[in-house]
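**Student:** Here is what each chain is made of, one letter per residue.
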Amino acid sequence: MKLQRFGMLVVLASVFALLVAACGSDPTPTPVPPTATATVAANVPTPTLDPWVAEWEAMKAAAAEEGELIAFLCCGFGSRIGDFIEEGELALGIDIVNSTGSSSQQWNKVKAEREAGVYTLDIWTGGLNTSQNRLLPGGALADLKSLLVSPEVLDESLWYNNELFWGDFDTQKYVFAYGGSASLAEITYNTDLLDPSEITSYADLLDPKWKGKIVARDPRENGTSQSTALFYLLMGEEFLQKLLIDQEVVITSDGRQAADQLALGKYAMCLFACTTEVQAAREQGLPVQENFPGTVTEGSRLSTGGNTLMAIDNAPHPAAQKLFVNWFLGKEGQAWWQRIGADQSLRTDIDLDGVTPGNIRQEGSTYLLVERDPNFNDKINESVAAVTRILATR
Amino acid sequence: MRLEHLSKTYPGNPTPAVDDLSIDVFEGEIITLLGPSGCGKSTTLRMVAGLEVPDSGSIYFGEKPVVISDQGFRLPPDKRELGMVFQSYAIWPHMTVEENVAFPLKSKKMQKAEISERVDAILELVGLPGMQKRPGPLLSGGQQQRVALARALVTEPKVLLLDEPFSNLDAKLREQMRIEVKLLQRRLNIAVLFVTHDQVEALSLSDSIALMNYGVIQQQGEPRILYEEPANEFVRDFVGKTVLFKGSVRDANPSGVLSISIEGAPNCVVFGHGYDPDGFKSGQSVFIGVRPEDVEILPAGGDELASGMVAGVVEAALFVGERIEYQVKVHEQHTMIVYGERHVPIEDGGKVWLRLRPEGHSAWPSDWAVPVSALVESD
Amino acid sequence: MIGIPRAGSRKKIAGIGLPSASSYLMVVLILVFGVYVLVPVLLIFVNSFNVAAIGQPTDWAIDNWKLAFSDPQIFIALRNTFMIFGIFTLVSFPLAVLIAWAIARTKVKWAYGLEFMFWVSFMIPTISVTIGWTFLMDPDFGILNKLIEYLPFVDEGPFNIYSVPGIIWVHLMANATSGKVMLLVPAFRNMNVSLEEAGRVSGASNFRTMLRVTLPLMVPAMTVVFMLQLVRIFQSFETEQILGTPIDFYVYSTKIFQFIRFFDPPNYGAAAALASLTLVIIAIIYPTQRWLTSRKSYTTVSGSFKPGLIDLGRAQPFVTGGIIFMIVLLTILPIATLIGGSFMTRVGFFNATPMFTTKHWDLVLNDRFFIQSLKTTIILSSTTAIVSPLLFSLIAYIFVRTKWRGKQLLEGIFWMSAAVPGILSGLGLLWLFLGFDMGFGRFDLLLPLYGTIYALIMVVVLQGKLTSTQLIKGVYLQMGADMEEAARVAGAGWLRTYFRIWVPLIMPTLILIGTLNFVISAGATGSIILIASRETQTLSIFALDLMTHNTGRQLEAAGIVSLFIVGLTVVVAVVLRRFGLQVGVRHDMKSSKATKKVSAPAVAAPATLHP
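Protein chains in written order, with the numbering used here: chain A, 821 to 1214; chain B, 23 to 401; chain C, 470 to 1080.
Incorrect hints may have been included.
Stated by the list, open to error - If the Cβ cut is set under 8 Å, some of the chain C residues that face chain A in the computed set are:
id, residue
1, ALA522
2, GLY524
3, THR527
4, ASP528
5, GLY582
6, ASP609
7, ARG701
8, PHE731
9, GLY809
10, ASN820
11, LEU896
12, MET907
13, LEU916
14, ASP1014
15, GLY1021
Claimed, not checked - Simulated crosslink set (SDA-like; lysine to any residue; CA at most 25 Å straight-line):
id, chain 1, residue 1, chain 2, residue 2
16, A, LYS965, A, ASN1195
17, A, LYS1086, C, PHE604
18, B, LYS303, B, ASN289
19, A, LYS965, C, GLY524
20, B, LYS303, B, ASP273
21, A, LYS1033, A, THR1020
22, B, LYS194, B, GLN133
23, C, LYS872, C, PHE818
24, A, LYS1033, C, PHE818
25, C, LYS828, A, ARG1159
26, B, LYS130, C, ALA805
27, C, LYS844, C, ASN614
28, A, LYS1031, C, PHE604
29, A, LYS1086, C, LEU605
30, A, LYS1086, C, PRO685
31, C, LYS828, A, GLN1104
32, B, LYS155, C, ARG965
33, C, LYS615, C, ASN820
34, A, LYS1151, A, THR1117
35, A, LYS1062, C, ILE716
36, B, LYS134, C, LEU964
37, A, LYS1033, C, LEU605
38, C, LYS615, A, GLY1032
39, C, LYS535, A, GLU1202
40, A, LYS993, A, SER977
Because the hints were derived from the structure by calculation, they are not lab data. By construction, the Cβ of each residue, glycine as well, lies at the ideal position given by its N, Cα and C atoms.
Modelling step: build the complete structure from the supplied sequences, incorporating the hints.
**Tutor:** Right, dumping it as structure tokens:
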């Protein structure tokens, strides 16, 4: 009867679903047709005497056999990351698969997988603290330095400060910082309510007229802790106490909420890593600005942001991995990344196309390279602890 | 059908629900399991149906074993080929009458045409022609019951189980259905195992009654036997009404018939069957079990008690339609119920004489000199 | 199955009877579910005692636990949790009961349509509702406040969403009310109107009858609903996070969340320590609900079923109006906000340039993975919608209708599945699938499934096990065993009985379960995000990505994805409800007089008739 019909329907539907699932979960991606590689190869100047080009071709061929690269490209790529991936695939002749999720989630996966003997990741780009706190001690990183063979990557004169910035201070081979944006002052503001010339020092934030007019992302969160650390190091705990308690800074649970409130005009300033969201709001025509145009007496800093590169140990596609790091840290890769993201590369031989003006390092200026401090990590923890203490009294 | 030494105790209960019960049901016979609530009759029925598992004992349908507890053998209910009518009828509300009745045939994988035929036929038989398309919930109580019956009979089973099927019907319908079921059963010549707590139903419907209490059969036999010759006090009091007179034995004869004189009525002597394996001795105190209909009530014909009568005073008179029931305080006895004709009412407080039927009573050992509630009634 | 014995002869071996097939099945079920539920929970808790830093060998200590409970604000947070829960339950329960009663028992117009609107409300993500209300009730810029300020005698708008009442309000507007209505209406439909009629005849008003006759019979159903919500008391935190952080108001679940977000690397150990409080709650709830469902009064509500509705007379239009008003608040408003907001450049801002745009739609529809996510969600959720009612009705059957030994243990295991919230459960599942060290070897039975869609299917199908089995249990308990017994005696084997008798009778609940599980699986993130990969990404994960996007939260785009999820669910729900009409019980006429004795058989009234 009707129930039988339904039963058949169920069976059919289940079979169909399983079929679709089977098709959908095909783990092997469609290989890049050889013609594409040939086309790309045709665009590269024919190798004659330069041994590096021959090596490059050999690397590409080896990678093509593997066919794909699995990367976790965490931060600093922006909304056009799809374009970046397309460029990369074109240049390298392999598929690039961008892993999903947050840093935290990705690390949970990688850690658990590794313990089970499962290896699914080749490349990780992300913040310095992730590498310091998780990847490095977790033993998940491969010797990146040994993978770097491209001359233009290894040439230190092409990098800021004439050095290769290794994030792992003791070992100098696992974590390569490639981004270095300048930030003048960590203040984003509502252009209707604040005239930037009013602030010449962070101490001005304690002016009573700003009481209750400052909104902030939660300074205790992982995403904001670098910013918290900066204030802590530059201005001290007492300053933070006065700021958070006396000035009645309003804390929101996320950046978008803070940016909304800033844009609405409820608050004049947004502190603690509001930049990304405020930029988005500004681009939507709202009266906010994420780049503070003036300078503060306490100085500005250079931040790597989320822009460090790491190679994962025991990668499933070692040839592709090697290929990628050499391309990405080279002129072409960095130029593309810079074009698409907002940050500035630490390479000094590429034009500034695509860098947000506020991030550009000024010639002749000195910047506090906060992350150069090997104890920076501890300082971050210290500052978060201090802020937690302070906020607990509210 | 043979039930042999069936026992079942529910977990958590100290006493068994059914205790070493054995019954034979013959082809074409109606056997009734009668008894008060909790006596084990439903449990027994459900064991036959396969809805309960006996702890020990066996069940056979003819030569075919159905349950053999020792061997752990049990035929599941869907393989026992019975028909059963539940107390609640259990008519499936999401099906029509036709679908309800056809259900057992579907399990047998018959052709649609044949199923249709059988359904139509059985609905005729139970008196519901043309109701095929009626949805279950739309039926009246009586109709539901007939559908349940039809469903039970459509597979032409050898055995029909009825679990208090009439208890949800009103009095008139109940009587009507009783007759119909009896006629149907005669026609189809099926064995019926019938469970009820209504003794009138049991008496009228059965070929044989098994009266149960505390999981044990107290007496099994023809209705008449249970009524006239109850095997023990329980049977005596459950089946029909009994009035107890205090008396003492005058004489006993070897066949067990006693002559008894009634306390307080020196000239009144009756005969009854004694129920004591040890026998009765002359002068022994006994209770005389008398059916109220065996007592005639007359207005007292004078101050001097006539011979063979028992004196009493009417305390209350209840008009119940076909007769008057009197509460009579009998001289040197307790208050008792006596039936009187409706045409000749006696007023409250009136003096009366009671004439007992001379024989056919029962005598029960007692030490009534010790106060005991002697007025025993049952319905 | 009801202790209805199985065929076959089994010889005793040395006086010991062999276990029957049912025992084997129970062992299998207990093993499977025991492992699936308890192992992740155990792993999470065991790991909370490991205080070693990353890369260091295990170091057992109670530091995490000390840290978790040494925060003096913990107890304030706990108090806040219970306070919020208590207040919004106190408000939403009677409200939901009234609404459910009105929809199920009175002659409200478009009853089935109205009921469905509450379902839709339930499907809308809480975070969308929260953010929507901030735009309405922000103390400085909320639209409602601004409108009220136009009134001559009013200085300042009265609403402040950033407050405890604000949090409670949002809960009421999100799932607190609609969830209860959704679950209670089918139970109320099971009521036998002749009992209510008896109440009226004896002089009680409609209201009093509801209070004294209907509600006491609904107490078991209401209790189940209450307990299911109580056991999840520590799960909800988004609302409290968004509205509470600015006013320094914290609840227990935000404290759990903070151990994950304020620590680098996240302190899952301390989070687990806090979450262990749920175990205490389960330990109280489980025996209580067992006690409740063992009482006789739970069984049956009707003798011969009589469908009938109460006419409220002149009050009827007001009641209908009231319900419609609730629906506007709970469903229409959020959907309109989602749709309207999706076309705004920045939702809530009328001074953005340009104010309206289609670029969010472009972003979503042109995303490389959108179609894939859509497909995956359809596969996962459809499978769940079909499999879960069948699977869980069978398991609920075991709980209610059999005497199998071990069923209490199995049910307890199901309650334990609520022990670990959100992200922690996802972590536990990750460890379960990837395998773990048992000391004497590795458990990697499920490893082959890792990374495939089958792992996801397994997780989402099983996600709703507790709610589903408890709801179906409730329905079974309302039914007499004789329905099944009659079928068995009539020659139907167990399978036929199940599909021809039980399934049609409980069809409305099965439909509810199917839809509910569809919603849950379509919105699932925490439990699957760690075992999903790019290829097996779902719409919900896509939405989550948009919400946590590194170029800023794509709130509008995430809202569009939510609309797709809601849309899918609506389609599925409509299909299932239509189907239910064919197979379920038909009740569109008046029945016979009520029988003298209210005895065993009870019939589940379906949510059928005209949808």
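**Student:** The structure should be examined with respect to each hint, and the outcome stated for every one.
**Tutor:** Hint check:
no. : hint                    : result
1   : ALA522                  : holds, 6 Å
2   : GLY524                  : holds, 4 Å
3   : THR527                  : violated, 12 Å
4   : ASP528                  : violated, 14 Å
5   : GLY582                  : violated, 24 Å
6   : ASP609                  : holds, 5 Å
7   : ARG701                  : violated, 21 Å
8   : PHE731                  : holds, 4 Å
9   : GLY809                  : violated, 16 Å
10  : ASN820                  : holds, 7 Å
11  : LEU896                  : holds, 6 Å
12  : MET907                  : violated, 13 Å
13  : LEU916                  : holds, 6 Å
14  : ASP1014                 : holds, 6 Å
15  : GLY1021                 : holds, 4 Å
16  : LYS965(A) - ASN1195(A)  : holds, 22 Å
17  : LYS1086(A) - PHE604(C)  : holds, 13 Å
18  : LYS303(B) - ASN289(B)   : holds, 20 Å
19  : LYS965(A) - GLY524(C)   : holds, 21 Å
20  : LYS303(B) - ASP273(B)   : holds, 8 Å
21  : LYS1033(A) - THR1020(A) : holds, 18 Å
22  : LYS194(B) - GLN133(B)   : violated, 39 Å
23  : LYS872(C) - PHE818(C)   : violated, 61 Å
24  : LYS1033(A) - PHE818(C)  : holds, 20 Å
25  : LYS828(C) - ARG1159(A)  : holds, 21 Å
26  : LYS130(B) - ALA805(C)   : violated, 57 Å
27  : LYS844(C) - ASN614(C)   : violated, 42 Å
28  : LYS1031(A) - PHE604(C)  : holds, 24 Å
29  : LYS1086(A) - LEU605(C)  : holds, 15 Å
30  : LYS1086(A) - PRO685(C)  : violated, 51 Å
31  : LYS828(C) - GLN1104(A)  : holds, 12 Å
32  : LYS155(B) - ARG965(C)   : holds, 22 Å
33  : LYS615(C) - ASN820(C)   : holds, 16 Å
34  : LYS1151(A) - THR1117(A) : violated, 35 Å
35  : LYS1062(A) - ILE716(C)  : holds, 18 Å
36  : LYS134(B) - LEU964(C)   : holds, 21 Å
37  : LYS1033(A) - LEU605(C)  : holds, 21 Å
38  : LYS615(C) - GLY1032(A)  : holds, 21 Å
39  : LYS535(C) - GLU1202(A)  : holds, 20 Å
40  : LYS993(A) - SER977(A)   : holds, 18 Å
Checked against the numbered hints given earlier, this structure breaks hints 3, 4, 5, 7, 9, 12, 22, 23, 26, 27, 30 and 34; the rest are met.
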